[in-house]
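Add chain B to chain A, keeping to what the hints say.
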Amino acid sequence: MRMLRQFAILLAREVESLFLSPLNYAVITIALFFNGWSFWYALQQYQGNVEGAVRFFFGQSPLVWLVIVLVPPLLTMRLFAEERRSGTLEMLLTAPVSEIEVVLAKFGAGLAFFCALWLPSLLYLAIVKSYGAIPDAGSLATSYLGIFLVGALFTAAGLFASSLTSTQILAAVLATVFNLLLLVVPLLSQMVQIEAIEKFFVELWIWRHFGDSFAKGLFDTAHVGFYVVLTGVILFWTVRSLESQRWR
Amino acid sequence: MKEHATFTRGRRLAIGLNVLFVSLLAPLVGGLLLYLLFRPELRRRFDLTSRATFTLSERTVKVLASLATRDEPIDIYTCFRPSYLSDSGVPVPGLEAV
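Chains as they are written, first to last, in this note's numbering: chain A, 1 to 248; chain B, 1 to 98.
Bound-form chain A, shown alone:
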């Protein structure tokens, strides 16, 4: 009970600092512009086929993936790096809270902000619905779940990068490179022409896990587990990285 209360206090502190940061509103504005443009483009391309447009918007649109890849590092870059630079990380670590609570609170806040970024996309669907086109509710639900899970993975990666350095920009660059590697390496591995390497990287390809289930309207426990396990491993590394402050 005490742990939960401490976690709630930490979470509220992090959420407040994220939602009060002007930089994050600049990020959200750019992301909304890209999302809106992408949805408009999808509707144009599919000439009124709402189902196809929605599937393109969530699963294939490069602009939407750009938002998914770039926004979490920008949101999380300051979470640990800024605390380390300003010297408040020592205070936080010497307070009667565990590293796990600190990491989970920062992760929860980052993910909450990422989810808030996607709320306006419900408006696009409401507009489309007002014209009489009804998108498939099941596909929509799995697409949002997919975006939530990818967002969680990238938020964890951003948090881990932020725990490694005291420079915000370096943290953002590290996390972006990691996210891009998860997207691009499987494509590059096909050039190697070695089946085992190709297979290994294709298994790790987050776009494939997204496109093969969530974007289609399928809820697949294996694909959900893939994102949850990867996020868990990265969060575990973040806790270890934070713990290392005590003995380094």
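Don't read these hints as lab results, they were simulated from the structure. A virtual CB, placed ideally from N, CA and C, is assigned to each residue, including glycine. A hint or two may mislead.
Partial selection, computed: residues in chain B whose CB lies under 8 Å from chain A [said to hold, decoys possible]:
id, residue
1, Val19
2, Leu24
3, Phe38
4, Arg45
5, Thr53
6, Leu56
Same frame as chain A, but now just chain B:
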């Protein structure tokens, strides 16, 4: 009385090695979990599309069940679209050559 440092270099090294070992162990445990999750016996799929687009119809299931009881060999013809992309636009490994 002489004081002895408890947080020695050796101790720091031991903690560091422990952290390194545990950090390397985590992806291995994750890999094992993923292996289990992708096993067909544990994997569950739910088609949430309103028209059950990715679910076999009852008739198809009946046809497939009847095939299992046949003794003579069955010829199977598969048709591929001239694309190695899946419905969601993701390349399917192994179909590039088709």
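Now for the hints, and whether the structure bears them out:
1. Val19: 5 Å, holds
2. Leu24: Hint on Leu24(B): violated, closest Cβ of chain A at ~10 Å, above 8 Å.
3. Phe38: This interface hint holds because 5 Å falls under the 8 Å limit.
4. Arg45: Cβ of Arg45(B) sits 5 Å from chain A, so the hint holds.
5. Thr53: Hint on Thr53(B): holds, closest Cβ of chain A at ~7 Å, below 8 Å.
6. Leu56: It is violated, given that the least Cβ distance between Leu56(B) and chain A is near 13 Å, above 8 Å.
Consistency note: the structure conflicts with the earlier hints numbered 2 and 6.
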